[in-house]
Amino acid sequence: MERILPALKATAEPTRLRILGVLREIELTVSELCRVLAQSQPRVSRHLRLLCDAGLLERHAEGTSAFYRLTTDGEARILVETILDLVDPADPQLARDAERLAAVRTERARAAADYFEAIASDWDRLRSLHVADNEVERAILAAA
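Residue numbering for the sequence shown follows the working numbering, beginning at 17 and increasing consecutively.
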């Protein structure tokens, strides 16, 4: 019971259920979640901390950004999925979240395309700056 009660308590709040539902679809940054949920950064961050502390979310850094996703822990993941399966998919708030999530995905795709377009002419030179994977593996094996 000691393991499950914090997780159940963490899900017993509408915004946190919405966060879990959105992160079921895709991992997001805090700022992206703020846009999807139409809530302030401090409020969303507080909910994320509670969900992470309960073992329902994982945070991972990628460059200067922190991304949140549903836990990969088997029991906790099953609990989250079971709870989310009980949520009415026709809920109007969830529909608005889905619309805003689609906009965030579109914005991400546009930013990626813009970035690549900006560096495309210099792509070959940029690629040459990186060491090939097989060279890294060879150096690791040689050092072992």
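Mixed in with the good hints, there may be bad ones.
[Stated by the list, open to error] Label-pair restraints from in silico Cβ distances:
id, residue 1, residue 2, range
1, SER61, ALA155, 22 to 30 Å
2, ILE135, ASP107, 39 to 47 Å
3, ILE135, ASP101, 37 to 45 Å
4, THR80, THR31, 20 to 28 Å
5, ALA118, ALA148, 21 to 29 Å
6, GLU43, ARG19, 41 to 49 Å
7, SER56, PRO108, 20 to 28 Å
8, ARG19, ARG65, 12 to 20 Å
9, ASP104, ASN150, 48 to 56 Å
10, THR31, ALA160, 46 to 54 Å
11, ALA148, VAL103, 45 to 53 Å
12, LYS25, THR88, 51 to 59 Å
13, GLN57, GLY79, 42 to 50 Å
14, ASP138, PRO105, 23 to 31 Å
Simulated from the structure, these hints should not be mistaken for lab results.
Using N, Cα and C, we set each Cβ at its ideal position, and we do this for glycine too.
Structure-based check of all given hints:
As the Cβ distance of SER61 to ALA155 is approximately 40 Å, the hint placing it in 22 to 30 Å is violated. Remark: the range hint 39 to 47 Å for ILE135 to ASP107 is upheld by a beta-carbon distance near 42 Å. Taking 37 to 45 Å as the suggested C-beta distance range, the pair ILE135 and ASP101 conforms, at roughly 42 Å. A C-beta distance of roughly 26 Å is found between THR80 and THR31, which places it inside the suggested range of 20 to 28 Å.
The hint said 21 to 29 Å for the Cβ distance between ALA118 and ALA148, and at roughly 38 Å that hint is violated. One distance hint, 41 to 49 Å for the beta-carbon pair GLU43 and ARG19, is violated here, with the actual separation near 24 Å. One distance hint, 20 to 28 Å for the beta-carbon pair SER56 and PRO108, holds here, with the actual separation near 21 Å. Roughly 19 Å separates the CB atoms of ARG19 and ARG65, a value that falls within the hinted 12 to 20 Å.
A hinted range of 48 to 56 Å for the beta carbons of ASP104 and ASN150 is consistent with their spacing of about 51 Å. Look at THR31 against ALA160: about 48 Å separates their beta carbons, and that is inside 46 to 54 Å. The hinted range of 45 to 53 Å is satisfied by ALA148 and VAL103, whose Cβ atoms lie roughly 47 Å apart. For the hinted restraint 51 to 59 Å between LYS25 and THR88, the CB-CB distance of approximately 21 Å leaves it violated.
Under the hint 42 to 50 Å, the C-beta atoms of GLN57 and GLY79, about 19 Å apart, miss the expected range. At about 45 Å, the beta-carbon gap between ASP138 and PRO105 misses the expected band of 23 to 31 Å.
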